[in-house]
Every structure is written in structure tokens, then in C-alpha cells.
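Visitor: Listed below, chain by chain, are the residues.
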Amino acid sequence: MGRMFKYMYTIMENNTFFLILVGLLVGATSGYLGSFMVLKRMSLVGDALSHVALPGMAIALTLSINPMLGAMVALTLALLGIWYIGEKSEIYSETLVGVFFTASLALGILITPQPELLETLFGSLDSITFWDGLFTALLSATVFLLTRKYSRRILLSVVSEDLAQSTGVSVSKVNLIYLLLIGLVVALGVKFVGTLLMGALVIVPAAAAKNIAKSVKSFHVYAALFGALASVVGIIVSKLLTISSGPAVVLVAIIIFIASYIFKQK
Amino acid sequence: MGYVPQKLSVAKDIPITVGEFLQIKEIDMTRIMEVLRMVGFDRGTKHTVHRGSRILTSKIGVLSGGEFQRVMIAFAILGNPHVLLFDEPTTGVDVSAEETVYSLIDNLKKEKDLTIIFISHEIDVVNKYAENVLCLNKQKVCMGPPSKVMEKKTLEQLYGPDVQIHVHNHGK
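Just so you know, the protein sequences line up as chains A and B, in that order.
Sequential numbering from 1 applies to the first sequence in my numbering.
Sequential numbering from 1 applies to the second sequence in my numbering.
There could be a bad hint or two in this list.
As a list, the in silico EDC-like pairs of lysine to aspartate or glutamate whose alpha-carbon atoms are at most 20 Å apart [said to hold, decoys possible]: (1) A:LYS217 - B:GLU20; (2) A:LYS40 - B:ASP13; (3) A:LYS173 - A:GLU161; (4) A:LYS214 - B:GLU88; (5) B:LYS138 - B:GLU151; (6) A:LYS149 - B:GLU20; (7) B:LYS12 - B:ASP28; (8) A:LYS40 - B:GLU151; (9) B:LYS138 - B:ASP106; (10) A:LYS217 - B:ASP113; (11) B:LYS110 - B:GLU34; (12) A:LYS217 - B:ASP28; (13) A:LYS264 - B:ASP13.
Computed Cβ-Cβ distance ranges for the label pairs, DEER-style [stated by the list, open to error]: (14) B:PRO81 - A:GLU94: 34 to 44 Å; (15) A:SER172 - B:ASP113: 27 to 37 Å; (16) A:LEU80 - B:ASN127: 45 to 55 Å; (17) A:SER218 - B:THR91: 37 to 47 Å; (18) A:GLU94 - B:GLY144: 41 to 51 Å; (19) A:GLU116 - B:THR30: 51 to 61 Å; (20) B:VAL62 - A:ILE262: 20 to 30 Å; (21) B:VAL126 - A:THR142: 50 to 60 Å; (22) B:LYS138 - A:PHE263: 51 to 61 Å; (23) A:THR95 - B:GLY160: 45 to 55 Å; (24) A:PHE263 - B:THR91: 29 to 39 Å.
Hints were generated in silico from the structure; no laboratory data involved.
We put the beta carbon where it would ideally sit given N, CA and C, even for glycine.
Let's have the full structure, built from the sequences with the hints guiding it.
Guide: Laid out in C-alpha cells, this is it:
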């Protein structure tokens, strides 16, 4: 068993196929979770959210901890903040989110060690170790399954909070779980796509899916599919052209969005 | 308890079909069809397109005001409640559909032996359908059968001075 694992380790380390597989899982999970975010009209929050990961990663890098862990902690704290504001006031305080998230981006850029700055901002496939990949794959799959488990309750609370409340759904608990799942998936994706653009992998595939969906089921399926497709194609393109993976993945997602928009017009 | 919300408090731009929406609460499709029939989706005369099972694949966003409200009522009935709570269910619904919704609620009350709590500010509706009325304006103003408690004095307390009941005769 140990020897087999070591064998797998050697073929998978920096192996493009392995990266594609992990990217596929992250992309599908991001798209799936993003589909709820688009419905909740939180697209901008989702987009700006990924910036929060930067200071967390910077602190982790300075302390020589895995930056993914730093991103996870920073995102969890930020999402608890968003949740708290959402609970306290009727609307999400968009202005506050805008101020807070750009502030954390500025701060993050300042404190991120210079050599790692570009890859933290735009993603770097080469910095993904075997353990990163394995951890990411397992956690993405878990997040995906958890989202499925809660999807009915999230959906009902999006349709009408009153209605959800009346059927015994605790909207505030569902919101919190959903936001924490978002935080996890963003943290998982930052190594692939970078803190500047990870939000786009959550939002853009879902926005494209919404253009052509005829039901909620097809909406979720398309969103997950587009997320996976954008990641896979983006990773291949970035390997072939030796460009940053973040812009490659996001641009593929944007092309899918444009295609879906044209398809919708027809 | 089943709850029917105000139309405007429900997000309508979600690509959810009527079938998917009702399935949030009930998996059994035969039960869903039964409830849809109960709220009048097989005897609709005007909306032939949405009759029967075709309603299931329509997105809730494309429904007319009356159809939408009937789907909401179907959702509320699915849990087999003893009490149905309506929160001004005809806000944003056109006049003809409004009447359909009221008579539907009236029929449900007779057929299913349900207690119905209905929030409304329309005096004529209250007069026509309610057995008991509780009038509120920041505080309890009156309570009892509408014919007894809804008089000029209490109405003034509810709607402000200079109100009077004007009985409309809609040719019925």
C-alpha cells in the first residue's frame, strides 16, 4: 500500500493530467455553488470575496504555513462577517463589502512576499503540490455533496425567505452553511485561478448557465459543467502557452458565457 | 400550518419550474397532481396552455398573477395543514384573477374543513367571505363577525375619519 502510494505520488506530482482532474472537481463545485450565488443576487459579493484570501495567504506565506490554509481562515472570517451583517440588516451592505474587500486586497498586496505575489494573484499550477491536489480534490467533492444535501433548503430560502421559514427551514442557518461552503471552494480554487479572479470561476459559469437553463435542475447541471469545462480547458491552454492559469480559466469561462448569451438570443 | 405569501415577496426570476418548486415539499408526483387539480389547474378555461401536467414544466416566472398565486396555494396545501395563512394573497394580482383566488379559497374551506387565516385590507372581501374578523391598527380595534363589528366607528379607527361603506352591486 505504502509503495503504491509513493508510486502514485511520483506520477502525479506536477502531472498535468492530475492537475486537470483536480481542476475539474474545483470548477464543477464552484459552478454548482455559484448557481445559488447568482440566484441570491450576490454575484458582486462572490466576485470581491476572493480578494479576502490574499492577506490570509500572505500571512501564511510569511509564517511558512500552507497558503491555502491561510486563505481558508481569512475567507471564513470574512464570510462570518457578511453573514452577521446580513442577519442584522435587511439588505447586504454592498458598500461595506466593497470597502472591506478592496481594503483587504490592498493590504494583501503590500504584505505578500514579492516573489509569490504574481502567482498568488493570478494562480500558478506549478506551485500545486501532490498533497495540495489531493486535499483539494477530496474537499471539493465533500463541498459538492454537502451543497447537494442542502440544495432544497437553499433554493426555498432564495425563492422566499418567508415561505422557507413557514416550512420550518432555518433561513439564517442555511445562509451560514452556504456561505461557509462558498468560502471553502474559493480557498480551494485560489491556487488554480488566483485571488483576483477566483470569484469569476464561481460567478461566470453560473451566469452562463442561467442564460440557457429551462429548469433549476438544468441550471445546476450546466453551471457545474461550465465550471468544469472552463477549468479543464483553461489549465490545458495555460500549460500549452505557458501563461498564468487564472486569466486562462476565466477567459474560457467568459467565452462560454458569450456563447450561452448568443444561444439564448436565438 | 400552510402559508401563502404576498406575490411580491417571492423572487420570480429564478429558473425554477412549477414541478420543481412543488417537489421541494413533496416527492410524490401523484399527490402533486392531485393538489394542482384542487387549485383548479385542470378545469381552467382560459389558460389552456398551462392546463394539466404542462403546468409542471412552466417556470414560475412566466405564470400569470392568478396562476402563480394558485401554485403558491398548492405549495401550502401540500403539507396537509390544518390552518392556512394568507398574507394579502391578491397584492399584485389583476382583478379577474383576484376573484378566482378568493372563490378558490372559499371552496377549499368548504371541501377540506380548513381553518383559514386571511390578512386583507379590503372591506368587501372581508364582508363577503369572513366568519370572524379581527381588526388591527397598531392595536386591536374590534373582533367578531364582520356584519356585527364592522361599523362606521370601528372603520374610522382603522382607516381614518370620513370613511363610509358603499355597497357595490356588481350585477350579481
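Visitor: Are the hints correct? Go through all of them and say.
Guide: Quick rundown of the hints versus the structure:
Straight-line distance between C-alpha atoms of LYS217 of chain A and GLU20 of chain B comes to about 8 Å, which keeps the hinted pair within the 20 Å bound. Proposed proximity of LYS40 of chain A and ASP13 of chain B is supported: the alpha carbons are some 10 Å apart, at most 20 Å. Distance check on the hinted pair: LYS173 of chain A and GLU161 of chain A sit about 12 Å apart at the alpha-carbon level, within 20 Å; holds. This hinted pair does not check out: LYS214 of chain A and GLU88 of chain B have alpha carbons roughly 30 Å apart, beyond 20 Å.
Distance hint between LYS138 of chain B and GLU151 of chain B is fulfilled; the C-alpha atoms sit about 19 Å from each other, no more than 20 Å. A threshold of 20 Å between alpha carbons decides the hint, and for LYS149 of chain A with GLU20 of chain B the separation of about 16 Å falls inside it, so the pair holds. For the hint linking LYS12 of chain B to ASP28 of chain B, the alpha-carbon distance of about 24 Å lies beyond 20 Å, and the restraint is violated. Proposed proximity of LYS40 of chain A and GLU151 of chain B is contradicted: the alpha carbons are some 46 Å apart, above 20 Å.
For the hint pairing LYS138 of chain B with ASP106 of chain B, the CA-to-CA distance comes to about 28 Å; that exceeds 20 Å, so the pair is violated. Straight-line distance between C-alpha atoms of LYS217 of chain A and ASP113 of chain B comes to about 36 Å, which puts the hinted pair past the 20 Å bound. Taking the CA atoms of LYS110 of chain B and GLU34 of chain B, the gap is near 17 Å; set against the 20 Å cutoff, the hint holds. Our distance criterion of 20 Å between C-alpha atoms is met by LYS217 of chain A and ASP28 of chain B, whose separation comes to about 17 Å.
Proximity of LYS264 of chain A to ASP13 of chain B is assessed by CA-CA distance (about 15 Å); at most 20 Å being required, the pair is judged to hold. Our hint of 34 to 44 Å for PRO81 of chain B and GLU94 of chain A holds, since their Cβ atoms are close to 38 Å apart. At roughly 35 Å, the beta-carbon separation of SER172 of chain A and ASP113 of chain B lies within the given 27 to 37 Å, and the hint holds. Judged by the Cβ atoms, the range 45 to 55 Å given for LEU80 of chain A and ASN127 of chain B holds: they are separated by roughly 51 Å.
Checked against the given bound of 37 to 47 Å, the beta carbons of SER218 of chain A and THR91 of chain B, roughly 31 Å apart, lie outside it. The hinted range of 41 to 51 Å is satisfied by GLU94 of chain A and GLY144 of chain B, whose Cβ atoms lie roughly 48 Å apart. Under the hint 51 to 61 Å, the C-beta atoms of GLU116 of chain A and THR30 of chain B, about 60 Å apart, fit the expected range. Against the hinted window of 20 to 30 Å, the Cβ-Cβ separation of VAL62 of chain B and ILE262 of chain A comes to about 22 Å, which satisfies the hint.
Under the hint 50 to 60 Å, the C-beta atoms of VAL126 of chain B and THR142 of chain A, about 53 Å apart, fit the expected range. For LYS138 of chain B and PHE263 of chain A, the Cβ-Cβ distance of about 54 Å falls inside the hinted range of 51 to 61 Å, so the restraint holds. At roughly 38 Å, the beta-carbon separation of THR95 of chain A and GLY160 of chain B lies outside the given 45 to 55 Å, and the hint is violated. Roughly 36 Å separates the CB atoms of PHE263 of chain A and THR91 of chain B, a value that falls within the hinted 29 to 39 Å.
The structure is inconsistent with the numbered hints 4, 7, 8, 9, 10, 17, 23, although it conforms to all the rest.
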